[in-house]
Amino acid sequence: MERIALACVSMILLTLQTSAFVQMPVGVTRQSPTLHTRTIHREAVGEVEAAVVEAVSKEELPSPDDLPSSCGVDYIPLATMLMTGDFEAADQFTRDNLIFIAGEKAQERGFVYWTQVKDLPPVDMATMERLWLKYSNGKFGYTMQRKLYRLGKGNFEAFCRKVDWNVVDEGVERKRRWFGKSEFIYDLEKAPRGHLPLTSALRGTTLLKELMNYPAWDNEEFQAKKN
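Just so you know, the sequence shown maps onto residues -20 to -1, 1 to 207 in mature numbering (1 follows the signal peptide of the UniProt record, and there is no 0).
No wet-lab data here; the hints were simulated from the structure.
Cross-link-like lysine-lysine pairs, in silico, PhoX-like; alpha carbons within 25 Å at most: (1) 114 / 189; (2) 142 / 119; (3) 189 / 155; (4) 85 / 189; (5) 133 / 98; (6) 133 / 119; (7) 119 / 98.
Label-pair restraints from in silico Cβ distances: (8) 200 / 149: 40 to 48 Å; (9) 54 / 131: 30 to 38 Å; (10) 45 / 160: 37 to 45 Å; (11) 48 / 118: 18 to 26 Å; (12) 80 / 151: 38 to 46 Å; (13) 169 / 84: 35 to 43 Å; (14) 141 / 50: 31 to 39 Å.
Glycine included, C-beta positions come from ideal geometry on N, C-alpha and C.
Work out the full structure: start from the sequences and follow the hints.
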């Protein structure tokens, strides 16, 4: 079991150390995506390794057969990140993977057009959503965000307040910042429902709205989830 856990550590570190185009979450208005590289220090490696070994000893990771992909994606790293509570890394994996599964044109430009969302592979979208729902106890995921958005009758600003993407800074309400030191909440206990995953609003809010309205979320499997 410990060898399995250490193998998972290697996959996570490889994922975190890989440079990837980063899409900016809601409220961030930088001119373009930036190339983001994570540096893992020796101390951090030890902490991640210990966390994975402890988590895997308590709960078994899903089998790769239970994490299907029509694009050849290995979802064990995402499962491990979520299971060990590394929601920030899982959030980044999810954004990067949306670009990958959207195809070559999205990969070349470094972001997903909102018009591409309906054509994203349902097998992969469902696998990611299941993992987010499972390891957040139904608290995070696009389907939870959709539920909250619809409960607010499609009022986007009300939705942002509901999921705590807004903060009051010196009496002025603004969106949380993601560049520099992130102001978003990656703690399962502290974050409100629907806070994660984050979606780029660099080109407007349509991409997020399309992800929340992704056709597969109407399937019985996701309709039946207790949120």
